[in-house]
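Listed below, chain by chain, are the residues.
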Amino acid sequence: MAVAPKADFFEASLRAVADHELHRKLQNASDRHLDHVAQARAEFPPFEAERDAARRIKEQSIARLDELLIELKRRLEENGCNVIFAATAEQARDYIVSLAKKNRLRRAVKGKSMTTEEIGLNQALGTAGLEVTETDLGEYIVQLRGEPPSHIITPAIHLSKEDVGALFAEKLNMPYTAEPEALTAEARKRLRSAFLGADLGITGVNFAIAETGTLVVVENEGNGRMSCTLPETYVAVLGIEKVIPKLSDLSHFLEILARTATGQKLTTYTNFISGPRRAGEIDGPREVHVVILDGGRSAMLADAVMREALYCIRCGACLNACPVYRRIGGHAYNSTYPGPIGSIISPSLFGSAAGHLPFASTLCGACRDICPVRIDIPRLLLHVRWRETETADETRALAWPRATARARAAVVRFARMARHPRLIRMMARIGLALLGPFARDGYVRRMPPPFNNWTKARDFPVPRPRSHHGTANGAVKRGRVP
Amino acid sequence: MGRSNVAEFHKIIARLKTALESPAPSGTPAPSSGDSSEPAPVAPPNNRAELISSFAREFEAVSGGFLGVLAPDEAARRIASLAQEAGARMVAIGEGVTTDASLFTHALEGAGCVVEKFGKLDDGERPAALERLARCDLAVAEAHYAIASTGTFAVVGAPARPNSLTLLPPISVIVVHVDRLVANVAQALAALGPDLVSAHRLSLITGPSRTADIEKRIVLGVHGPKSLYGAIIWPRNG
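Just so you know, the sequences run in chain order A and B.
Reading the first sequence from the start, the letters are residues 9 to 490 in my numbering.
Reading the second sequence from the start, the letters are residues 3 to 240 in my numbering.
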């Protein structure tokens, strides 16, 4: 998974900011989501207690991740699963591709899985000659469009029903309709035959229970259940952070996950898979392969601050709450994981190419407030920013430290000037006079270098002839403090 | 592949051990040896009537059709008439957990349905059995437990009670014994227990299959059943 360079991000976000239709769709979906979440929380008084319990379990699990993974591996193997640890995305892909070749697999159905997006599995399987069908409706839609998902829970959040109608009319040769029911029915028909004809099923995993050697897959549509039930070979892909100690820990997560992800009390299906089908059963695959991915996570674990990011349960709520995500959408980030949580983890997972993402935040804290496991996302954003500037590689060293030095020098100059009221008043007058020629309709939309970077993305309001300082000063002199 | 992956496993575990030697995040408590799994304080309705009314309300809130609290023979008649109303020709039935499924079989056969049952099958028979199940119009299954606070059924798979009974046919009917109603998710997981979970495929089912992927509009029946009916079985002498 490649992340686009900073310049592309800048271009893409400028384009997105100008796209009012995109705002309407994002706003519509995000507002609905946030309303549902608020209601689900209000109706469930123990929500805060469950949040605390879930947070505590994550802290304790991550603090003994090594032991838990050893236990998980042992229990999964006792249940008849093949367990594979992959240090890198490439190792995970290679294992699954070689498994597909060994078992002569032709057709794969996939449940929604961000981890397989992260490792670029579809392309790898496609190159190996497999036909891969995404079966989550949103994923199916973006796959037909040849796009990646733009949200980790609602992959097609950037599309209207009319967009989907036009897409189905073009790609599936059905008469145009914008009725979600009719579009869903068409997808059901086509995907049902894909399920029955598939020989490989792939899903992600929400929780892995070490005590019982069980994979828990949470979903609403039933496609995850189909993918792990019908094909003869089943592959589950999960990050190392998904492990929890005990079955009894799970309820705390189930009580908060759906309420925050979709505003439901519980998702429609919570599936427990502990191994291949037993003798005499018709359900379940003959082979279960569990691919457990590090892919940069152990480096997050080693960083005392970043470790908190491993508590994330991928509910997607911070995306909908984020004013930046709501303006630019998921595609502008050009990372598997967009939004606030994506801005934190992308640099760890995909390297310094994603190093600019933590800067795409206003640090307003809405993400921290909505996070069901109380991850202090703004603190982590600042930490990743600091790390990106301090430990920059060769190319980044050219850009960021210089910018930092410039900013530092500017602040020092301003501090010096601010000690002389007369000087600062004079500078303000000069500034006002210089800005005058650039003003149009009350705003300065373009300034000459070196200030043009500021106005590239912002409009500067024309300063009022009388400054705040002047107004306040006058008031004090007249004996009225405003 | 085997040996190299064992090496990879040890390498990753070693890396995690090293990573964990760095100080724990500030502001977070050190891992305690205390039991992290104690359920949060949920005030459970602690009598049957409250559990039943809570279940019925929540089940209907997730678009389930609640058939009522019924004696086994009443449930059989109700399901048979449901099958007739829906025009169901082929019906699949799973083995009961506490209820004798033959009651349902007789009632449905009496209503003119062809009833599919499942037992231990060889691998070779699997594809045909799945095809048959996928062609059924309606399926009846008994859940191990039901959760009152969420309107959820916990169904546990077994050879004569396939998990896909509640997945493939477009109309799904799930019954549960009244004694197996529990207050919340934590109680359901405790009742199922680690041994059952590690030995079976199971699903918690909360309403019919649904999606909100197109403009967040809820559409039912995207992959799994479009309709889900539920009944609570309360035997007359129970």
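Everything labelled a hint here was simulated from the structure, so no lab data went into it.
Treat the hints with caution; some may be incorrect.
With a straight-line Cα cutoff of 35 Å, these simulated DSBU-like cross-link-like pairs (lysine-lysine) come out [to be verified]:
1) B:Lys218 / A:Lys109
2) A:Lys169 / B:Lys228
3) A:Lys197 / B:Lys13
4) A:Lys110 / B:Lys19
5) B:Lys19 / A:Lys197
6) A:Lys179 / B:Lys13
7) A:Lys110 / B:Lys122
8) A:Lys169 / B:Lys19
9) A:Lys14 / B:Lys119
The model shown is predicted, which means the values in this text are computed figures rather than measured ones.
Results for each hint:
no.	hint	in the structure
1	B:Lys218 / A:Lys109	violated, 39 Å
2	A:Lys169 / B:Lys228	holds, 21 Å
3	A:Lys197 / B:Lys13	violated, 46 Å
4	A:Lys110 / B:Lys19	holds, 34 Å
5	B:Lys19 / A:Lys197	violated, 49 Å
6	A:Lys179 / B:Lys13	violated, 46 Å
7	A:Lys110 / B:Lys122	holds, 29 Å
8	A:Lys169 / B:Lys19	violated, 49 Å
9	A:Lys14 / B:Lys119	violated, 60 Å
Going through the hint list in order, the structure does not satisfy hints 1, 3, 5, 6, 8 and 9.
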